[in-house]
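Following the hints, complete the assembly by docking chains Z and L onto the known chain U.
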Amino acid sequence: MTLLQGVFVVTALAAVISAVMVVASPRLVHAALWLVVTLGAVAVLFILLDAGFLAMVQVVIYIGAIAILIIFTVMLTRRVMADSGSQANRAWWLAVFIGVVMFAALLALLAQMPTWWQVTPPPLAASADFMVKDLGKSLVDLDRYVVPFEVASVLLLAALIGAIVLARPPAETAGKTGAE
Amino acid sequence: MTTDLLIWLIPLPPLLAFGAILLGGYRSNRLSTWLAVGAMVISWALGLFVFAQAVQTDHLGANPFTSSIPWLPLGTSVIEIGVLIDPLSAITLFFVVWTCLAIFVYSIGYHNSGKPRDAEDVPGLPPHAGGIEPLYARFFAFISLFAFGMLTLVVSDNLLLLFIGWEIMGLCSYLLIGFWFGRESARKAMVKAFITTRVGDVFMLLGIVALYTATGTLNFQEILRSPETLNRLAETPAILGLSLAGLIGLLLFAGTVGKSAQWPLHVWLPDAMEGPTPVSAMIHAATMVSAGIYLILRFFPLLTVGWQPGGPLTTTMAVIAVIGAFTALFASTIAVAQNDIKRVLAYSTISQLGYMVAAVGIGAFVAAAFHLVTHAFFKALLFLGSGSVIHGMEHGQAASSKSAAQAMPGQEGPAGAHEAHDHVDAQDMWNMGGLRRRMPWTFYTFLIGGLALAGFPIVTAGFWSKDEILSSAFGQGQPVVFVVLAAAALLTAFYTARQIGLTFLGKPRSAAAEHAHESGRVMLLPLVLLSLFSIAAGWAGIHHEFPLIGGAIPNFVEEFVGQALTEHPEALPFAFPPLLTSLVVSLGGLGLGFLVYRNLPRGATDPLARWLGPVHVLLRRKYYFDELYDFLFVRPAYWFAETFVYAWVDRKVIDGLLHGVGRASLRLGGWLRRAIDLPVVNGFGDLVGETTKAAGRTFRVIQSGRVQAYLAAGLLFVGLLLSFLLLVKP
Amino acid sequence: MIPLSWYLVLAAALFCIGLYGVLGRRNAVAILMGIELMLNAVNINLVAFWRYLTPALIAGQAFAIIVFAVAASEAAVGLALIISIYRQRSTVIAEEIDLMKW
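Protein chains in written order, with the working numbering: chain U, 1 to 180; chain Z, 181 to 910; chain L, 911 to 1012.
Looking at chain U on its own, in the form it has when it is part of the complex (with noise of 0.2 angstroms):
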C-alpha cells in the first residue's frame, strides 16, 4: 500500500463515516457539522485527484456556503424541532433496504469493469494553471459549455429570487409577527 492509497483510505473512511453520522445523528446540529467533515473528506479527495480548484470551490461554496446555510435553518427551525426522539420517519427500514440494494447493484455494475480495478491514472499534460484557465474558458467557449454555463447562471438567478420571494414573510403577517 503506497501513501497516496493510505490517505486515500483514511479520507475515505472520514468520509463514510461521518456521512453515516449525517444522516444517523439524532441532533440536527451535529448532522450538520458531520456533513462538514463529509464535504471536507471530498475535497481532499479533489485534491487527491488533481482537482486543486474544484477543491477549493468545494471548501468555498458547499462548507462555506450551503453547510452554513443548512446550520442557519437548522438553529431556525429548532424551537419545534425538539431534539429528542427518533430522527427516521415510520418507512426507515423501507429506506435501508433501497440503500442497501442500491450499492449493491452498483457494485455488480462495477463488478463488470473489471479494468477499472486496475487502471492508473495517466500523467497530466498540463499544468494546473493551464488546467484552470482552460476550465475557465470552456466556460464561455461557444464551442464548449458555454450553453450550460449559462443556463447555470440563470439558473442560480432564478434560485436567487425565488428563495427571497419564498423566505419573506407574507405582507399581512409580518406586522403580527413583529407584534410578537
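Since the hints were derived computationally from the structure, they do not count as laboratory data.
Model, not experiment: these values are computed from the prediction.
Check each hint, because a few of them may be wrong.
Computed spacing ranges between beta-carbons, pair by pair [to be verified]: (1) Z/I882 / U/E150: 37 to 47 angstroms; (2) Z/V861 / L/S1000: 45 to 55 angstroms; (3) U/W93 / Z/V908: 20 to 30 angstroms.
To give a feel for the contact side, a few chain L residues facing chain U, derived at Cβ under 10 angstroms [claimed, not checked]: (4) A922; (5) L933; (6) N937; (7) E946.
Ideal placement from N, C-alpha and C gives every residue a C-beta, glycine not left out.
Same frame as chain U, but now just chains Z and L:
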C-alpha cells in the same frame, strides 16, 4: 346619348320620394308634400324634355331612343333592363307626366294641406270637418310609388320591366283604394280590385312566359319590329285553331281586360271609387287603366299580324273588338242609371276604354292612341272636378250643420234641424244641383271635361278622337262595331248631360249644396290646366281632309304616332257618314239629357226610372254582375275553402297525417329509449363513470402527499426497470 | 496507485448513504443534507472519470462546476421553502407537509 340617360332618370324621383317619405319624411306633412311634388316636378320636366327631343327627331319610330344594360343572366341568354322612347311611349309619357303632376298638386288641396288636424279625425277615415287628412304623408308616399310604377311601365323597353311597373301599380291601387281603411266598403273594394285584376295578370304572365319561350326575348323592339319573328309566331299553330301569335295576343289582352276593367273583369273599377278622389283620377284616367290600353297598343303588331287593312279581322282582333265594343255600350248603359257622381265617371271610363279596345280590335292604332291621350286629360279633369264638387259639398255640409246647430237652441226648426243632422251622401247627384253659382270655376272646367267626354263638336278634344275611332270603324268596314260605338256615344252624351244637369244646374236639392263653396286655388289650378289640354289636345289630330279647318294644323298624331308601327298606317280617306253620326249622337245625346235633367226640383225621382221601369233597375244594379260573380265565384270559393279545404283536407287529411306522424314518432322514440338508450347508452356511460370513480377511490391511497414515499416508489420502479434492462435483457 | 474503482465504490457508498438520508429522515433539513451527500458522490465520480479516462478533456471538471451551481440553487430554494413552510405550519417534518394529497 344624353337623352337616353335622361330617360333612365324619369321614373326615379318618385321612387326616391317614396323612400324618403317612408323613412322619415312622414313626420312632417309639409316635407312630404315638397318631397312628393318636387319629385314629380322633376319627372315632369324630364319627361317633357324627352318628349320634346322625341318630337324633334325624324323617323323616331325606326330609330327610337333606347338604352339597356344586362340584368338577369339566364344561362345562355340575358334578360336586359332598358328604356325605350318611341312615338307611342313618347305621347304616353307626355300625358302621364302632365296628369300625374296635376293630380299631385290637386292632392295638396284635396287633403286640406295646411289646416290643423281635427281632433275627431281618426286615421283610416276621411276627415269630416275640413281638418288635414290624418294619413297625409302616407298618401303622398303611395301616389309617389304609383307614379314610379307608371313611369317605369312607360319607359320600359321589355315586357318584364313593363310587368314589374304594372304590378307595382296593382299594389298601389290596392293600397290607395283602401286608403280610408276605416270603412268596410273600402276594405272590400281594395280586395276586390286586387283579386279581379290578378285574374287578368295571371293570364298576362302566361302570355309573357309563352312569348319568352317562343322568341327567347322580351324586348319590344326585337319582337315587334322584326317581321320574321312575327310571321314565325303567326305561322306556328297553337291550341283551338289559334296561331301562337294569336294565343299570346289573347293572353296579353287578358291582362288588359283586368287592368283596363273590360267586361267581364270590369267589376272592380266602380268599387275603386272608395279611394280618395285624386286616387280615382290617378287610377282611372292617367295611369293604371291607361296601362292596359298601352299594353295592347304596344303589342299592336303582334295582335294584328296576318291582318291586312280593310280585310277581315283575325280571331284575336275579333275577340278584342267584340269585347271592346260590347264593354263600351254595356258600361254606358249602366252609367245612365247611376246616382253617385264618381260612379258615373267610373262606368264612363270603362265605356271609353272599351272604345279604345274596340279601336285596337279593328286595327285603328292611331285612333286608339289618340283617344287614349285625350281621354286621359278630360277624364282626369272630370274626376278632379267631381272631387272638387264632393269637397265643396262636404264643406257645405259641415257649414250647414254648424249654422243649424247655432240656430237650434233659439227656435225649434224641425225641418232645418232634421236636414242638418241628416248626413246626406256628398257624392249623390240627387243631393246636389245649382252648384253652378256656388262653384263657378269647377262648373266651367267640369263643363269642358263633360263636353269633351260627350264629344261636343269641333272645340273639344273628345270629338276629334272619338270621331277618328268611328270613322276608322266605318272605313275598315266594321258596321256592327260602328253602330255599337255610335250607340255608346249617344248614351255617353246623354249621361254626361244628365250628370252636369243634376250636379250644377237647377236649384240646390240639399242644405249641403246650398252651403257648398268653391275649392281652393291649389285644386283649381290643375283643373284649369287639364281643361286647356282637354280642348287643345284634340287639335293635334284633326283629319287633313276635314271640311274648312282640315289641313290648317298638321295632323301631328297621325304622323308621329303612326311611326310607332313598322309600316306607317295609311290615313283613311275622309268620309261624311261617321262625321254626321258623331255630330248627331253627340248633340242629340247632350240635348236630350239637358232637356230632361236641366232643372229637377228637390226630392224628384229620376224620370228615366219611370220610362224604363224594370230595365232601369237592371241598369242601376249594374246588370247584377256583382251578384252573379258573388254567386258564381265568391260563394263557391268560400264553400270550397270552408267545407272542402278546411274541414276535410286540412282538418282530416293533413292534420291526421301530421298527428299520425307525430304519434308514430312518439312510439318509436319511446321504444328506442327503453330498448337502446337506457340499457346500452346510459349503461355504457354509467359504467365508464363508475369505473373511473372506483379506480380513483382505489388508487388515491398512493397519493399520500408525502414526498419521501413518492421518491421511494419512483426509485423502486427505476430499480426494477434497471434490473430488467441489465439482468434480463442481455 | 489508487485504482479508479476505489473512488467509484466510495462514491456509491456516499450516494447510498445520502439516499437513505433522503428517504428515511423525518426532518426536511436532514433530507436536504442527504441530497447534498448524493450530489457530492456524483461529483467524485465526475472528477474521477475525468482524471482517469479523459484527462485531456476538461468536460468532467466543467460538469462538476455546473453541479456546484445546481447544488447551490437547490440548497437556497429548498431552505427558503422550509423556512416558509415552517412559518406557515410551524413544522419541518416532511410527513406532516402533506397538503398535496387527495
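We went through each hint and held it up to the structure:
For Z/I882 and U/E150, the Cβ-Cβ distance of about 39 angstroms falls inside the hinted range of 37 to 47 angstroms, so the restraint holds. Evaluation of the 45 to 55 angstroms hint for Z/V861 and L/S1000 yields a pass: the beta carbon distance comes to about 54 angstroms. One distance hint, 20 to 30 angstroms for the beta-carbon pair U/W93 and Z/V908, holds here, with the actual separation near 27 angstroms. Hint status for L/A922: holds, given a least beta-carbon distance of 4 angstroms to chain U, under 10 angstroms.
Residue-level restraint check for L/L933 holds (minimum Cβ-Cβ distance to chain U is 3 angstroms; threshold 10 angstroms). Restraint check, L/N937 versus chain U: the minimum CB separation of about 6 angstroms is within 10 angstroms; hint holds. Taking 10 angstroms as the C-beta contact cut-off toward chain U, the hint placing L/E946 at the interface holds, the least distance being around 6 angstroms.
Hint violations for this structure: none, all hints satisfied.
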